[in-house]
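**Student:** Sequence:
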Amino acid sequence: MRRLYCLLIISAALSIISPPNLYAQKKVLAIFNLTAANIEAMGYNGEILHALISSIETDKSIDLLPRREIEEMLFRTDINLDNSEKAVILAGKALGINFVLFGEVTKKGSMIVTRLNLMDIEGKTILNSWSVVFTDHDSILKKIPKITEEISTALSNWKRSSGSITNENRLSQSIDLDYLNVINEGDSVGLSWKINTQKSSLSYNVYRSENSDGPYQFVGSTSDCFYKDTTVKKGQSYYYNIGIIAETEPEIKSSHTTQIQNVGQRVPRPPLVMGAKGYIKRAEIKFVPSLKNEQDYFNIVKYNLYRKKNENDWENIKTVDSKNMTQTDPIITVIDESGLNDGANYTYALSSTDDSNIESPLSDPVSISTVKAPVLTLVRDDLLRKINLSWTFVENASGYSLYRKTENASWEKVADITEVLTTNFSDVKNISDGIQYIYRITAYDDKKESGCSNEVKGKTKELPGFPENLQSQDSLAKSVTLTWTAIEDPDIGGYNIYRGADCNNMQKIASIKNYRSNTYFDKGDALKPLEDGKNYIYSYLEKGDALKPLDDGKKYFYAISGFNLFDAEGKRSNCIEAETKSASVN
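Position one of the sequence shown corresponds to residue 901 (this note's numbering), numbered consecutively onward.
Everything labelled a hint here was simulated from the structure, so no lab data went into it. Please read these numbers as outputs of a predicted model, since none were measured by experiment. Beta carbons: idealized from backbone N, C-alpha and C, even for Gly. It is possible that part of the hints are untrue.
[Unchecked claim] Listed next, with one range per pair, are the computed distances between beta-carbon atoms:
no., residue 1, residue 2, range
1, K1046, T1233, 19 to 25 angstroms
2, Q1195, E947, 14 to 20 angstroms
3, V1188, S1267, 15 to 21 angstroms
4, Q1161, S1039, 20 to 26 angstroms
5, F1466, E1368, 19 to 25 angstroms
6, T1233, H1037, 37 to 43 angstroms
7, T1247, P1390, 53 to 59 angstroms
8, T1247, G1086, 25 to 31 angstroms
9, N938, D1038, 19 to 25 angstroms
[What the hints assert, rightly or not] With a straight-line cut-off of 30 angstroms between C-alpha atoms, the simulated DSS-like cross-links for lysine-lysine are:
no., residue 1, residue 2
10, K1209, K1042
11, K1361, K1313
12, K1042, K1272
13, K1286, K1357
Take the sequences, apply the hints, and build the full model.
**Tutor:** The structure is reproduced here in structure tokens:
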């Protein structure tokens, strides 16, 4: 029996003499050689394996087991591998490792079908399975990093749950295809798809219709993620759908439907999508032309960018003329700015069109999320001519624009925050006392401005109230002493004192700075009249200005008000009455 030697995936330093249980404590992953299921697959299995190793070695979250230790241990224990689950578990236990990735490669026509299984050795369960269809060297290099990500995720999930993923968790996950692709293969149609599920025993029914609305007729079944339909008619167009069967559960129809036109016609290849990224109201998709088109003598004149409208329909939103491309970089960037919303998910695919106006099938789809608009929060209001705001950080933004208005007024920009790490702001610009303001904010980069955030309302501090307990000490000769309870608020600038012959005819006679002041001694009027807009304090009246003292035995009326640090005055108190001492009669 042929011995299949194992190949490393993961870098962990283990000496030959180390006992296996040291590896088991580390949660180590190993990769076994991929079996070539037929002669045509030989060579491809090694290429795919090498790509897997190179990709997984870059993932620092995966612990790598050196290949030399694997081969030495298998040789000493005389374990033979036949790619069965039983043999894999036996070999994994002998190696003292936690996880093994194994599988096989089959060459069917133009498709290189690869089946991978991630085995939990201790739990004796398949954590995840992948059925991947490659078409050439480029597609291998493109798809392998995604598989590495999914392997890393499966291992992380295992660690988080402190054990293997249970069947109950698997069954609770919704099942659908990630995508469904078709390719024209002359007298047949090749279908391939991808499904992301923890279930290991799946089968599929293939359905076909000549109309998008059906009816769909059963074509065939498969347990692989690919199918070749050989019952097609040349020149006909078809729609395909896949039914998913999980063990004994009822069939689930996929939400994905795909179309192929002009069966039997020689068509170009789609470009290879290298990646995509979402920004503020725009998306950038990077791709490289397929080398197969040049080799097959297709003269590609344009590339078509499609965006998914719903589960089944694609919309051609942009065309790139290959003859007008001046960039020297082999990776081509196409930008979509057509009506994208903030924080939305979009799926794109590309096709190639030759000089005979024959269009290729769509490429593998790629999804992006546009940048979310910031979320605005009122941090604090009821401050003296100030409102404090904060917002969520927006990745890749160049800055933020803050807008403000009052009720029934128009929006105006009050701030442009160019420090991209700043996520808070105090609004003090042209702001009034006791007014409610409405705010919203946007993020922007060098191309676009996001939509507006949520609106928040904040109100500035009201004008000061008047101090309580205004009282007078009367029966003093030609003077009156006033006292009150000071307002304990540092935003109070002081108090204005009013006097009059009655409550309806009063004039300001003094302004007292310091919010803690609580007394005033009224000795009369300065001969020099008070000037409008000027503050007077009691000490000023003691610096030599002549006084016109209060009259003897006369009633006077007093009131008091507070003013803030901006000298804005609040409401005046109710007036009180005071009477000076009567003149002595000789």
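**Student:** Given the hinted pair K1209 and K1042, is their Cα-Cα distance within 30 angstroms?
**Tutor:** holds (25 angstroms)
**Student:** Is the straight-line distance between the alpha-carbon of K1042 and that of K1272 30 angstroms or less?
**Tutor:** Given pair K1042, K1272 holds - Cα atoms ~28 angstroms apart, limit 30 angstroms.
**Student:** Do the beta carbons of Q1161 and S1039 sit within 20 to 26 angstroms of each other?
**Tutor:** holds (22 angstroms)
**Student:** If I claimed the Cβ atoms of Q1195 and E947 lie 14 to 20 angstroms apart, would that claim hold in this structure?
**Tutor:** holds (18 angstroms)
**Student:** Do T1247 and P1390 keep their Cβ atoms within the hinted range of 53 to 59 angstroms?
**Tutor:** holds (57 angstroms)
**Student:** Range first: 25 to 31 angstroms. Now tell me if the beta carbons of T1247 and G1086 are that far apart.
**Tutor:** holds (29 angstroms)
**Student:** Starting from K1286, check that the Cα of K1357 is at most 30 angstroms away, please.
**Tutor:** holds (13 angstroms)
**Student:** Could you check the hint for me, namely that T1233 and H1037 are 37 to 43 angstroms apart, CB to CB?
**Tutor:** At roughly 23 angstroms between Cβ atoms, H1037 and T1233 fall outside 37 to 43 angstroms, so the hint is violated.
**Student:** Range hint 15 to 21 angstroms: satisfied by the CB atoms of V1188 and S1267?
**Tutor:** holds (19 angstroms)
**Student:** Starting from K1361, check that the Cα of K1313 is at most 30 angstroms away, please.
**Tutor:** holds (22 angstroms)
**Student:** When you take the CB atoms of N938 and D1038, is the distance between them in 19 to 25 angstroms?
**Tutor:** With a Cβ separation near 23 angstroms, N938 and D1038 satisfy 19 to 25 angstroms, so the hint holds.
**Student:** Should the hint that F1466 and E1368 are 19 to 25 angstroms apart at their CB atoms be regarded as holding?
**Tutor:** holds (23 angstroms)
The structure fails hint 6 only (numbered hints given earlier).
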